[in-house]
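S.K.: Listed in order, the protein sequences are those of chains A and B. Each number in this note's numbering corresponds to the 1-based position in the first sequence with 641 added. Each number in this note's numbering corresponds to the 1-based position in the second sequence with 630 added.
Bear in mind the hints are in silico, worked out from the structure with no lab data behind them. Don't take every hint at face value.
Below, a sample of chain A positions facing chain B; criterion: calculated Cβ distance under 10 Å [what the hints assert, rightly or not]:
(1) Q647
(2) P649
(3) A651
(4) L654
(5) Q655
(6) Q679
(7) F713
(8) S735
(9) L737
(10) T738
(11) K741
Cβ pair distances, simulated, as ranges [claimed, not checked]:
(12) B:N660 - A:R653: 24 to 32 Å
(13) B:P713 - A:R702: 20 to 28 Å
(14) B:M657 - A:P681: 42 to 50 Å
(15) A:T667 - B:G670: 41 to 49 Å
(16) B:T742 - A:G657: 34 to 42 Å
Using N, Cα and C, we set each Cβ at its ideal position, and we do this for glycine too.
Read off the chains here:
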Amino acid sequence: EDQVTQSPEALRLQEGESSSLNCSYTVSGLRGLFWYRQDPGKGPEFLFTLYSAGEEKEKERLKATLTKKESFLHITAPKPEDSATYLCAVQPRSTLTFGKGTMLLVSP
Amino acid sequence: NAGVTQTPKFQVLKTGQSMTLQCAQDMNHNSMYWYRQDPGMGLRLIYYSASEGTTDKGEVPNGYNVSRLNKREFSLRLESAAPSQTSVYFCASSGGGQGKNTLYFGPGTRLTVL
Chain A
642 EDQVTQSPEA LRLQEGESSS LNCSYTVSGL RGLFWYRQDP GKGPEFLFTL YSAGEEKEKE
702 RLKATLTKKE SFLHITAPKP EDSATYLCAV QPRSTLTFGK GTMLLVSP
Chain B
631 NAGVTQTPKF QVLKTGQSMT LQCAQDMNHN SMYWYRQDPG MGLRLIYYSA SEGTTDKGEV
691 PNGYNVSRLN KREFSLRLES AAPSQTSVYF CASSGGGQGK NTLYFGPGTR LTVL
């Protein structure tokens, strides 16, 4: 059975305090790993897709990395506007399986 | 480009009532999906349509039906609503070129069943 586990469930940071979110997965063949951002009351917004171990992608203060068993979303010098829930999803076949998310709160 | 649109935004039903959630996309995507999101459960796939004319069950299809009306539109129907169907429902679409598996989500429908 495909499984996606995100940790921690919630994370509180001070503005400027860098950290990482973890997404570990168990799938029978990975076709892609996706990161989304979700603001309260809104639909998930696409951030990154990673396809193979060793791949990295960056966008502003966010950097996503992928190994054979997990992915990290590194947040460098976060700002309050980075506060959101971050969702990880894997694609073993034709559909995506999502983790439960990490709720990030960045305080000024 | 509106992307993925959903109607209604909010809905309150009584147990046993029926309703249809509407979804449309203007990105010429082939695939469309319905997810529900519940606290502590994450996003779970209800039904999806890989292409016009096809539909398949996802993880939690019981109590729902879907219709792929055309390439743009994919509706979700609750025939006899139950309190367990209280949730936030998201429609998504994907398809077309590099990154074709990337899902693009609508704003969601918040449904309460009393």
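S.K.: Please list, smallest to largest, the hint numbers that this structure does not respect.
M.R.: Of the numbered hints given earlier, those the structure breaks are 2, 3, 4, 5, 7, 12, 13, 14, 15, listed in rising order.
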